[in-house]
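Novice: Each chain, written out:
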Amino acid sequence: MTIVWKIAWRNLWRKPRRTILTVITISLGLALLLISLGLGDGSHNQMIESAVHMGSGHVLVQQKGYLEKGGIDRLLSPEEIRGVESWGQEMKGRFPIRHILRRTFVSGLASSADGATGVQLIGIQPLEEMQASDFDEKLIEGEFLNADDGDWVILGQGVAHKLALEVGEKLVLMAQGVDSVEIRSRLVRVRGILRTGLEEQDQALALMPLGASQEFLDLGTQVHQIAFLLEDSRFSDELASIGQENFPALEVLSWGEALPQLRDFIRIDDGGSYVMNLIFFLLISFTVLNTLLMSVLERGREFALLHCLGLTPGRRFIMVLVEAFFIAFLSALTGFGLGFSGHLYLSRSGLPLDLFYSGELSAAGVAFDPVMYSHLSPARILQPMILVFGLTLLLSVVPAWRAARSADVHSLGRA
Amino acid sequence: MWFGIIRNWTVLFLMGGLIGLVLPQVDSSQLSPAEIIDKVDHMLRGDSSQGRVEMAVVTRRWERNITMEIWSEGTEKALIKVLQPKKEAGTTTLKVGSDMWNYLPKIDRTIRVPTSMMMGSWMGSHFTNDDLVKESRLIRDYEIEIVYEGDREGIEVYEFQLTPHPEAPVVWGKMLYQVRKGDLMPTWAEYYGEDGELKRTMTFSDYREMSGRLVPTRSRMVPQDKPEEYTEMIYHELHFDIPIPKGTFSLSSLRR
Amino acid sequence: MIALRLGWRNLWRNSRRSLITISAVGCGYAFLIVLIGLTVGMAGQMLKNGTGLLMGDLQLHHSDYLPERSLYDTIGSNSSSELEEVLHQLSLYPQLAGRSPRVYGFGLLSTGENSAGARLMGVDPQVELGVSSFLSGLQAGALDDSVERSLLLGDALARELEASIGSQVAIVTQAADGSLGNDLFLVSGILHTGLSYVDRSLAVLYLADLQELLVLSPNEVHEIAVKIGDPMAADAFAARLNASENWPANTVAQSWGELAPQLKDYVGLSQGMYGFIIMIIGLFTATGVLNTMMMAVFERSREIGLVSALGMPPLLIVSSILLESLFLGILGLIGGFGLGAWGMSYLTTQGLDLSRWMGELSMLGTRMDPVLKASWGWDYVIWSALGLLLATLLAALFPAVKAARLNPVQALSAPVEG
Numbered sequence: 000m001t002i003v004w005k006i007a008w009r010n011l012w013r014k015p016r017r018t019i020l021t022v023i024t025i026s027l028g029l030a031l032l033l034i035s036l037g038l039g040d041g042s043h044n045q046m047i048e049s050a051v052h053m054g055s056g057h058v059l060v061q062q063k064g065y066l067e068k069g070g071i072d073r074l075l076s077p078e079e080i081r082g083v084e085s086w087g088q089e090m091k092g093r094f095p096i097r098h099i100l101r102r103t104f105v106s107g108l109a110s111s112a113d114g115a116t117g118v119q120l121i122g123i124q125p126l127e128e129m130q131a132s133d134f135d136e137k138l139i140e141g142e143f144l145n146a147d148d149g150d151w152v153i154l155g156q157g158v159a160h161k162l163a164l165e166v167g168e169k170l171v172l173m174a175q176g177v178d179s180v181e182i183r184s185r186l187v188r189v190r191g192i193l194r195t196g197l198e199e200q201d202q203a204l205a206l207m208p209l210g211a212s213q214e215f216l217d218l219g220t221q222v223h224q225i226a227f228l229l230e231d232s233r234f235s236d237e238l239a240s241i242g243q244e245n246f247p248a249l250e251v252l253s254w255g256e257a258l259p260q261l262r263d264f265i266r267i268d269d270g271g272s273y274v275m276n277l278i279f280f281l282l283i284s285f286t287v288l289n290t291l292l293m294s295v296l297e298r299g300r301e302f303a304l305l306h307c308l309g310l311t312p313g314r315r316f317i318m319v320l321v322e323a324f325f326i327a328f329l330s331a332l333t334g335f336g337l338g339f340s341g342h343l344y345l346s347r348s349g350l351p352l353d354l355f356y357s358g359e360l361s362a363a364g365v366a367f368d369p370v371m372y373s374h375l376s377p378a379r380i381l382q383p384m385i386l387v388f389g390l391t392l393l394l395s396v397v398p399a400w401r402a403a404r405s406a407d408v409h410s411l412g413r414a
Numbered sequence: 000m001w002f003g004i005i006r007n008w009t010v011l012f013l014m015g016g017l018i019g020l021v022l023p024q025v026d027s028s029q030l031s032p033a034e035i036i037d038k039v040d041h042m043l044r045g046d047s048s049q050g051r052v053e054m055a056v057v058t059r060r061w062e063r064n065i066t067m068e069i070w071s072e073g074t075e076k077a078l079i080k081v082l083q084p085k086k087e088a089g090t091t092t093l094k095v096g097s098d099m100w101n102y103l104p105k106i107d108r109t110i111r112v113p114t115s116m117m118m119g120s121w122m123g124s125h126f127t128n129d130d131l132v133k134e135s136r137l138i139r140d141y142e143i144e145i146v147y148e149g150d151r152e153g154i155e156v157y158e159f160q161l162t163p164h165p166e167a168p169v170v171w172g173k174m175l176y177q178v179r180k181g182d183l184m185p186t187w188a189e190y191y192g193e194d195g196e197l198k199r200t201m202t203f204s205d206y207r208e209m210s211g212r213l214v215p216t217r218s219r220m221v222p223q224d225k226p227e228e229y230t231e232m233i234y235h236e237l238h239f240d241i242p243i244p245k246g247t248f249s250l251s252s253l254r255r
Numbered sequence: 000m001i002a003l004r005l006g007w008r009n010l011w012r013n014s015r016r017s018l019i020t021i022s023a024v025g026c027g028y029a030f031l032i033v034l035i036g037l038t039v040g041m042a043g044q045m046l047k048n049g050t051g052l053l054m055g056d057l058q059l060h061h062s063d064y065l066p067e068r069s070l071y072d073t074i075g076s077n078s079s080s081e082l083e084e085v086l087h088q089l090s091l092y093p094q095l096a097g098r099s100p101r102v103y104g105f106g107l108l109s110t111g112e113n114s115a116g117a118r119l120m121g122v123d124p125q126v127e128l129g130v131s132s133f134l135s136g137l138q139a140g141a142l143d144d145s146v147e148r149s150l151l152l153g154d155a156l157a158r159e160l161e162a163s164i165g166s167q168v169a170i171v172t173q174a175a176d177g178s179l180g181n182d183l184f185l186v187s188g189i190l191h192t193g194l195s196y197v198d199r200s201l202a203v204l205y206l207a208d209l210q211e212l213l214v215l216s217p218n219e220v221h222e223i224a225v226k227i228g229d230p231m232a233a234d235a236f237a238a239r240l241n242a243s244e245n246w247p248a249n250t251v252a253q254s255w256g257e258l259a260p261q262l263k264d265y266v267g268l269s270q271g272m273y274g275f276i277i278m279i280i281g282l283f284t285a286t287g288v289l290n291t292m293m294m295a296v297f298e299r300s301r302e303i304g305l306v307s308a309l310g311m312p313p314l315l316i317v318s319s320i321l322l323e324s325l326f327l328g329i330l331g332l333i334g335g336f337g338l339g340a341w342g343m344s345y346l347t348t349q350g351l352d353l354s355r356w357m358g359e360l361s362m363l364g365t366r367m368d369p370v371l372k373a374s375w376g377w378d379y380v381i382w383s384a385l386g387l388l389l390a391t392l393l394a395a396l397f398p399a400v401k402a403a404r405l406n407p408v409q410a411l412s413a414p415v416e417g
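Protein chains in written order, with numbering that gives the first Met the number 0: chain D, 0 to 414; chain A, 0 to 255; chain Z, 0 to 417.
No lab work stands behind these hints: they were computed from the structure.
Be a bit skeptical, because a hint or two may be false.
Straight-line alpha carbon distances no greater than 30 Å define the calculated DSS-like cross-link-like pairs of lysine-lysine that follow [what the hints assert, rightly or not]: (1) A:K173 to A:K86; (2) A:K198 to A:K76; (3) A:K198 to A:K105; (4) D:K68 to A:K94; (5) D:K14 to Z:K372; (6) A:K85 to A:K105.
Okay, the calculated beta carbon distance ranges per label pair [what the hints assert, rightly or not]: (7) D:R81 to Z:G116: 32 to 40 Å; (8) D:E89 to A:G195: 35 to 43 Å; (9) D:L277 to Z:W377: 23 to 31 Å; (10) Z:G228 to A:D194: 47 to 55 Å; (11) D:E199 to Z:A235: 28 to 36 Å; (12) A:E228 to Z:H87: 29 to 37 Å; (13) D:G219 to A:T162: 33 to 41 Å; (14) Z:M231 to D:R81: 53 to 61 Å.
We treat Cβ as the ideally placed atom computed from N, Cα and C, and that holds for glycine.
Kindly generate the complete structure, drawing on both the sequences and the hints.
Specialist: Structure representation (structure tokens):
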């Protein structure tokens with residue numbers, strides 16, 4: 000039997016050009032598929048991370064009903080906070096939890112000598128948020144907050160513009176305290192100005208240290224939200240459902256539930272890519288079939304000769320299959336090599352989107368990074384490789400069968 | 000805001016009036032500005048007022064004239080009811096502390112003004128709801144000093160500079176007041192941003208006696224960026240320290 | 000020409016091989032047509048949703064209106080006949096498919112218990128439906144002219160106010176004369192567009208009612224939304240309007256591309272993509288053709304050696320091979336066109352039903368249809384054909400040149416290839 004293998008292998012290299020062309024065609028298809036998948040996954044990942052790092056989280060824990068209705072009164076009590084955080088610590092063993100953050104949210108009014116505008120005031124833990132989120136990277140002026148910056152805030156660019164404020168200047172914040180008691184005012188100064196790229200956020204964002212916001216709004220040690228930031232967004236759903244089981248009185252959401260628009264966008268983008276990749280795949284199939292078939296058809300004389308030499312149809316069939324196996328193997332390797340190096344390049348340098356886009360791009364409430372990075376998990380790499388490999392083998396059955404059947408002795412006589 | 004103005008010049012004219020009455024021998028120049036204002040602030044506690052005001056607003060686009068009746072108690076409570084024009088008659092604003100409600104007779108509803116609407120102008124004037132609600136008590140929130148004492152165009156005046164305390168929740172960088180030395184009547188007030196830019200100017204005129212006190216009955220607010228616009232308040236009637244019925248400053252009284 | 004006849008005949012000497020390669024080219028072309036058709040279709044659909052839902056193909060405003068959207072910058076603020084004049088001017092263009100005047104404001108909505116700030120939009124439902132479709136997405140009810148001061152609320156807004164059909168809502172706003180505009184409205188419909196900025200904060204009422212609330216004259220509107228037949232012609236149309244002689248001075252027309260540049264960018268992106276796709280598929284096809292032609296040349300190397308020795312000029316050899324591959328390409332394209340066109344006829348009408356993946360979603364401020372329809376465009380069909388043809392020719396170049404350089408002596412004495 001091994002003789003068939005040896006013959007098959009040598010067959011390939013008797014006509015190196017043909018073999019190489021075939022392998023290149025197939026591996027090109029595979030490489031493109033890998034890159035397309037990588038960019039697709041990469042951009043989705045980027046979007047998720049972008050959204051999650053800009054004031055949201057992979058998993059959010061809040062008072063029940065907070066997502067839908069909000070409201071300053073829907074708070075997590077100190078016991079609940081302790082409970083959730085210690086559960087979070089436990090979960091660190093099983094899940095790649097990077098950060099656990101506390102936040103408060105309230106709508107209020109910010110006014111300066113030049114005007115006033117509504118703001119969404121977010122109380123954050125500055126040190127942790129700086130490590131966890133992208134807020135500090137989006138600063139365009141000034142600096143980020145320190146934990147003891149009781150009287151300092153970071154403003155979104157739109158807010159600073161409307162109030163004609165620069166770093167260091169003062170503004171008055173007004174908000175309603177808990178239980179709709181009197182409106183509170185606080186004088187604060189601008190520590191920094193940031194720009195998220197999302198107009199809705201930039202026009203209303205104001206960040207303040209958590210302790211200061213709790214004091215300002217008379218919240219005690221309560222907060223509105225505990226956010227979990229993970230290393231990898233794929234664990235979000237699982238962590239969230241475990242969390243919900245452990246805390247049935249609260250609402251524990253994954254990013255998909257908290258940001259349904261983003262989740263939908265990713266789904267539709269996936270849908271479109273699916274179609275495109277499918278078509279690609281069909282094209283690859285066709286090319287593979289074409290190439291294999293043609294090479295078999297060309298070798299009519301050779302098969303006739305082999306037939307005369309005693310190679311049974313069965314063996315001829317296997318021979319062609321084995322040839323296809325080798326080709327598939329080589330193609331998979333080269334394809335992987337090409338595709339993976341493409342992916343590596345794109346995962347480092349990325350694909351600059353400003354070839355296509357001029358200004359700010361946002362979708363589903365998230366600002367797109369102007370550079371698209373590729374992201375491939377091992378599973379994602381194996382999928383297309385196995386598919387193409389299997390496809391090549393599968394498709395080789397037709398030409399193999401052809402090879403087995405045709406033993407046109409007459410072709411031997413042809414010049 | 001004009002409400003603060005009431006307090007401001009209430010403070011200042013009371014300085015003149017009460018000091019003149021109670022301490023006739025004391026030369027005002029012997030008291031420090033802070034002391035003067037502090038004394039008056041004491042006397043202001045529990046003070047109440049009632050009056051009839053006409054407000055004229057001129058903007059680029061339109062002009063308006065409203066007549067209203069106002070009641071106030073201390074610095075915390077005020078009730079303002081529109082009398083004219085007919086279309087808006089009955090519209091009433093109630094302020095208690097930092098909360099504000101509007102009663103709208105046309106729809107017979109009382110609406111609470113949320114913080115987000117505080118940026119809107121009050122009744123279309125150059126004052127904001129925010130102005131109305133702000134509790135800035137001058138003495139509490141500002142450092143007061145005299146920066147000029149002398150002659151301006153033939154009249155002896157004091158000019159005060161008010162600098163907000165570091166944590167006072169006021170948006171202004173500073174305020175300048177000019178007050179006539181003789182009768183302690185305010186003449187103008189200037190509001191500056193922290194950057195030192197003048198943002199708006201208030202001028203006082205038409206000094207008359209109301210309920211036995213000399214008061215400026217006309218005050219005009221002009222924004223610096225649109226000098227052709229202004230809001231002017233004219234007091235036609237003003238009474239002080241009259242007993243105001245209990246329950247006036249309540250939601251139920253809005254409808255009356 | 001000899002080369003032509005040679006090329007053509009050579010093609011059929013190994014008809015099986017030629018047919019296989021022709022079908023490769025054909026399939027490549029068909030796939031190309033379908034792929035690009037789907038991409039363009041998707042972008043087009045998004046565009047249609049983007050403009051068709053709310054925005055319209057063009058919008059007209061007072062020249063100062065954007066971006067601050069001041070209450071006072073209306074069409075009609077200059078003179079009482081201005082609005083009429085603009086509408087009249089519009090009607091002179093046959094491309095006009097619909098136009099809808101709109102008024103905007105911002106106010107505080109209040110039911111007994113709850114209040115919320117909202118954007119107010121005043122429309123004339125009859126003409127609005129000729130321009131946009133958001134009113135037909137009513138979850139329940141409709142603007143009702145038998146009711147005084149009928150109101151529609153976005154569904155999230157209605158929930159926040161705890162209001163439903165039949166609820167009475169007070170609206171308070173700053174009117175144009177400085178007074179506090181206020182009135183009671185009756186909720187007669189709930190809107191659901193899938194766009195959060197609408198559902199959460201929009202309240203829709205009759206144009207005339209909003210004008211009254213805001214104390215605007217009946218001849219003043221903030222915006223006129225316009226629909227023409229083809230959204231892609233919007234830029235040109237807007238430019239024409241603005242440049243036209245009789246066009247009122249303070250009114251400015253802007254196309255959706257100017258109003259929503261991110262939408263325009265996305266459409267541009269998908270158009271840019273198809274150049275990329277053509278290239279890729281061209282590469283594939285070229286490889287196939289290369290394979291074939293190499294094979295053809297080797298097979299005939301004895302023959303080529305022979306005719307070369309007999310004096311056939313190398314140029315003729317090259318051109319006959321190139322032409323052979325050109326014929327391959329052309330035949331492939333014809334076949335592929337047929338296949339592609341057939342595929343497209345299904346995809347442009349039925350489309351691909353992707354509703355398994357998507358529920359309802361929004362992207363770039365528009366709502367997406369779960370059925371993906373392809374869109375035929377002669378431009379890309381022709382470009383693809385040219386691209387593939389070029390690829391075929393280039394692929395044949397190497398073997399052609401190789402053939403011409405064959406050493407006749409070697410070729411003639413080489414063993415027959417099998």
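Novice: Please go over all the hints and tell whether each is borne out by the structure.
Specialist: Hints and how they fare:
no.	hint	in the structure
1	A:K173 to A:K86	violated, 39 Å
2	A:K198 to A:K76	holds, 27 Å
3	A:K198 to A:K105	violated, 36 Å
4	D:K68 to A:K94	holds, 28 Å
5	D:K14 to Z:K372	violated, 45 Å
6	A:K85 to A:K105	holds, 11 Å
7	D:R81 to Z:G116: 32 to 40 Å	holds, 36 Å
8	D:E89 to A:G195: 35 to 43 Å	violated, 56 Å
9	D:L277 to Z:W377: 23 to 31 Å	holds, 25 Å
10	Z:G228 to A:D194: 47 to 55 Å	holds, 54 Å
11	D:E199 to Z:A235: 28 to 36 Å	holds, 32 Å
12	A:E228 to Z:H87: 29 to 37 Å	holds, 36 Å
13	D:G219 to A:T162: 33 to 41 Å	holds, 34 Å
14	Z:M231 to D:R81: 53 to 61 Å	holds, 59 Å
The structure is inconsistent with the numbered hints 1, 3, 5, 8, although it conforms to all the rest.
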